[in-house]
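The listed protein sequences derive, respectively, from chains A and B.
For the first sequence, the positions run 1 to 191 when the numbering used here is used.
For the second sequence, the positions run 1 to 270 when the numbering used here is used.
Heads up, some of the hints might be wrong.
Claimed, not checked - Examples of chain B residues lying across from chain A (beta carbon under 8 angstroms, computed):
#1 Leu40
#2 Gln66
#3 Asp169
#4 Leu209
Said to hold, decoys possible - Covered stretches of chain B (in silico footprint by chain A; criterion: 3 or more residues with CB under 8 angstroms from a CB of chain A, positions within the stretch not fixed):
#5 53-62
#6 173-186
Derived from the structure by calculation, the hints contain no laboratory data.
For each residue, glycine too, the CB sits at the ideal point set by N, CA and C.
Spelled out from the first residue to the last, the chains are:
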Amino acid sequence: MVTLDTGERATADESTLVRQAQRGDRTAFATLVEGYYERLHRWLYQLTHDRHSAEDLTQESFLKAFANLHRFQAGSNFRAWLFRIAHNTFLNQRRAASRQTDPLPTDVKGAEEGPVELLLQKEAIAHLTRAVGRLPADFRAALLLRVEEEMSFRQIADVLNITEETARWRVFKARQKLLRVLGDSLDEEKP
Amino acid sequence: MNCETVHQRVLGLERPDRLPAEVSAHLARCSACTAWHRRLLRLEREIPTIPAPAPLHLQDFLARLQEQSSPVEAGPIVLPVAVPDRSAPGPRKERGLQKLALAIALAASLLFFAVAWWAWPRRLGTNHNPTAPTEQQVSLLEARLKDDARWKAARTPQERLEVLTHVADEVHVQAHSLIRAGKLEQLKGQARLYRAIIEDGILPQADALKDLASSERTILLQQVARHLAETESAAERLALEVPSAAGPLREIASAARDGDRRLRHLAARS
Numbered sequence: 001m002v003t004l005d006t007g008e009r010a011t012a013d014e015s016t017l018v019r020q021a022q023r024g025d026r027t028a029f030a031t032l033v034e035g036y037y038e039r040l041h042r043w044l045y046q047l048t049h050d051r052h053s054a055e056d057l058t059q060e061s062f063l064k065a066f067a068n069l070h071r072f073q074a075g076s077n078f079r080a081w082l083f084r085i086a087h088n089t090f091l092n093q094r095r096a097a098s099r100q101t102d103p104l105p106t107d108v109k110g111a112e113e114g115p116v117e118l119l120l121q122k123e124a125i126a127h128l129t130r131a132v133g134r135l136p137a138d139f140r141a142a143l144l145l146r147v148e149e150e151m152s153f154r155q156i157a158d159v160l161n162i163t164e165e166t167a168r169w170r171v172f173k174a175r176q177k178l179l180r181v182l183g184d185s186l187d188e189e190k191p
Numbered sequence: 001m002n003c004e005t006v007h008q009r010v011l012g013l014e015r016p017d018r019l020p021a022e023v024s025a026h027l028a029r030c031s032a033c034t035a036w037h038r039r040l041l042r043l044e045r046e047i048p049t050i051p052a053p054a055p056l057h058l059q060d061f062l063a064r065l066q067e068q069s070s071p072v073e074a075g076p077i078v079l080p081v082a083v084p085d086r087s088a089p090g091p092r093k094e095r096g097l098q099k100l101a102l103a104i105a106l107a108a109s110l111l112f113f114a115v116a117w118w119a120w121p122r123r124l125g126t127n128h129n130p131t132a133p134t135e136q137q138v139s140l141l142e143a144r145l146k147d148d149a150r151w152k153a154a155r156t157p158q159e160r161l162e163v164l165t166h167v168a169d170e171v172h173v174q175a176h177s178l179i180r181a182g183k184l185e186q187l188k189g190q191a192r193l194y195r196a197i198i199e200d201g202i203l204p205q206a207d208a209l210k211d212l213a214s215s216e217r218t219i220l221l222q223q224v225a226r227h228l229a230e231t232e233s234a235a236e237r238l239a240l241e242v243p244s245a246a247g248p249l250r251e252i253a254s255a256a257r258d259g260d261r262r263l264r265h266l267a268a269r270s
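Model the full assembly from the supplied sequences, consistent with the hints where possible.
Laid out in structure tokens, this is it:
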């Protein structure tokens, strides 16, 4: 099982795969796809709130990455490069669609019947999902790269084509808004 | 260190679970901030648990990739035209060639920008500021935008408005950086630039959103207005914390407030 980059350091395996893919090895590229597909899809879903758009964008991003592999500089951060392609693809689609607002998530299930604790937990997750979904897309994109992909502000800036300071600012604002909206609901229940 | 300052510091950390010593010291004696910090940590722990649908077509896509013919033949890959392709940073040699191409494109764009600048509809509607922009404001904004690839790529008032909102944000953020670095003498310039972006950039583009559907126009204007309102609040708060920088910060807040009011007025008329 290949371990792909989940933090600051790209593993030797990933660098090897990238070099092999650059030499035309489709199997190597397919391994990279397998490692990043779901994560990229999840991020794009959080941006678009549409599973079909997210999947289209994911595939388009990988196709662009494949077509431009020769331009990727060995040793630099493949994950940030890939997410940057995805973000640019998302922006191009958004401009083409001339949409200014992202619809709220449609796939979030409501609370189901069950034990009280389970019900409360699901309601809390639903509340959190709505709150994150209501963040401006720019803030949401930056926050998710920080929290879910554990990217540094420098890497987030590379992905989103902004300054490091702006990346920090967007994460700052996202956290601030969410804390304001969610407030006491984030307090741990007392045993 | 007061509680508000602690919150500002922690919210801007890459790892809010790794606190600087002075912040930890404050938390040790402040139960309210300790509770606030716990909420933040819980928030960051729980965001990855937000449900998202699993992708449906990974295996199909992998099968397609493994086919003999190139996957890119399956469909056109649309890349932005006449814009440096930032999606694929290449090796140094290619970057050098890209820079040369960019320099040539920039020269052509500057000429285009100079012509387009005079063609901008600057005074649409009675609510636009009747005072002609000063030469200084115009040249401040021009200087800020002339190297901006996003600005050059923007084709419609909507896209330009989006870019200008980002640029305004960046100027505001730069102001914060200058304060942190103690470079207060440069703040006045940032404040003037911020006002130029609002009055000579954002408001004229907002006036020019005629081709959008009314509901879409309203939503967009309200979004930008909300953004400016937040900038106003942030700048006013910081002015209280850093009295030596209060003048320029209040100027930024005032420009944001003016922009917010005028955009809301435009939105109400949509």
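Worksheet item: Looking back at the hints listed earlier, which ones does the structure fail to meet?
Response: Those not satisfied come down to hint 4.
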